[in-house]
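Please take these sequences and the hints and turn them into a complete structure.
What follows is the residue order along each chain.
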Amino acid sequence: MRINTSRFGRIDVDAGDIIRFPSGLPGLEDCREWALLADSTNDALGWLQCTTRGDMALAVVSPRRFVPDYQVRIPRSELTPLAISDISQAQVVVVVGKTDTTLTLNLKAPIVINLEARTGRQVVASGELPLQYELTINRQPLRKSA
Amino acid sequence: MLVLSRQRDESIMIGDNIVVTIVDIRGDKVRLGINAPSEIPVHRQEVYEAIQRENLRAARLEPGDTESIGRFTNRGPGRPDGPAKR
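Chains A and B are the protein sequences, given in the same order.
When we follow my numbering, the leftmost residue of the first sequence carries the number 1, and every step to the right adds one.
When we follow my numbering, the leftmost residue of the second sequence carries the number 1, and every step to the right adds one.
Honestly, the hints are just simulated from the structure, not real lab data.
Any given hint might turn out to be false.
Claimed, not checked - No farther apart than 25 Å at their CA atoms in a straight line, the calculated lysine to any residue pairs in the SDA-like style are these:
#1 B/K29 x A/S126
#2 B/K29 x A/E128
#3 B/K29 x B/R8
#4 B/K29 x B/V47
#5 B/K29 x B/I14
#6 B/K29 x B/L56
#7 B/K29 x B/T66
#8 B/K29 x A/G127
#9 B/K29 x B/R44
As the list claims (entries may be wrong) - Calculated Cβ distances over 12 Å to all of chain B for the following chain A residues:
#10 R53
#11 I87
#12 S88
#13 Q89
The beta-carbon is built from N, C-alpha and C at its ideal position, and this holds for glycine as well.
Laid out in structure tokens, this is it:
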């Protein structure tokens, strides 16, 4: 499948590599099919490219690589639609955003992907977690809260 | 919008298998108990709306914006800018 993207030009995606998000993503409910692309210059970064909208892509990273003490707890109701019972069976990535001064990670709503079934879902993690966790060179420990 | 009056410990049913119970009422705060099948996620609306806004904001990111992200990784091979200093 060939997609004309605004960021990466024309790309080819195997049908078998498409990840289906049956509910879309919050705010992007119509975007239900995505492809996970590797960034050409940075191996820590990936891009979820919507296959039906060439202008729609989200930068994603593995959160533990940036926030070592990130421990995500996800209610079972959020995992049931993905046909997994435990988060260890899935790949977890978080969406990268930016402020005027730095890049941010959405730790509150990670994206969980069942790689075997190629289905995904953006879930709401339990506990107080930031939607915009600011990346800094000298990281502060993730604040613990009830 | 359907509007129903309920007292403490009374419930409403949504469909066959979702029950919302008024657990407690104190001043302007109502505590709700929600019994729903495990595959139905339940959210506070403001949390869901905040995630919607954040996704739309993040969708404006371009590849040029993320060039510095390698500086923030704390492990793993192939960091273009070297390891983060502690």
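Here is how each hint holds up against the structure:
For the proposed pair B/K29 and A/S126, the alpha carbon gap of about 22 Å is at most 25 Å, so the pair holds. With a CA separation close to 21 Å, the supplied pair B/K29 and A/E128 stays within the 25 Å bound. Restraint check for B/K29 and B/R8: the C-alpha separation of about 12 Å stays at or below 25 Å, so the hint holds. Proposed proximity of B/K29 and B/V47 is supported: the alpha carbons are some 18 Å apart, at most 25 Å.
Pair hint B/K29 plus B/I14 holds up; C-alpha atoms about 22 Å apart against a cutoff of 25 Å. For the given pair, B/K29 sits about 31 Å from B/L56 by alpha-carbon distance, which is inconsistent with the 25 Å threshold. Restraint check: the Cα-Cα separation between B/K29 and B/T66 comes to about 43 Å, which exceeds 25 Å; the hinted pair is violated. Taken as a hint, the B/K29 and A/G127 pair is honoured in the structure, with Cα atoms around 21 Å apart against an allowance of 25 Å.
Of the supplied pair hints, the one linking B/K29 and B/R44 holds, its CA atoms being roughly 14 Å apart against a limit of 25 Å. A beta-carbon of chain B comes within 12 Å of the beta-carbon of A/R53; the shortest separation is about 10 Å. With a closest Cβ-Cβ approach of about 15 Å to chain B, A/I87 is found to remain outside the 12 Å limit, as its non-interface label requires. At the 12 Å boundary, the C-beta of A/S88 stays outside the reach of chain B, the nearest C-beta of that chain being 19 Å off.
Taking the minimum C-beta to C-beta distance to chain B, about 16 Å, the non-interface status of A/Q89 holds against the 12 Å cut.
In the structure shown, a violation is registered for the earlier hints numbered 6, 7 and 10, in ascending order.
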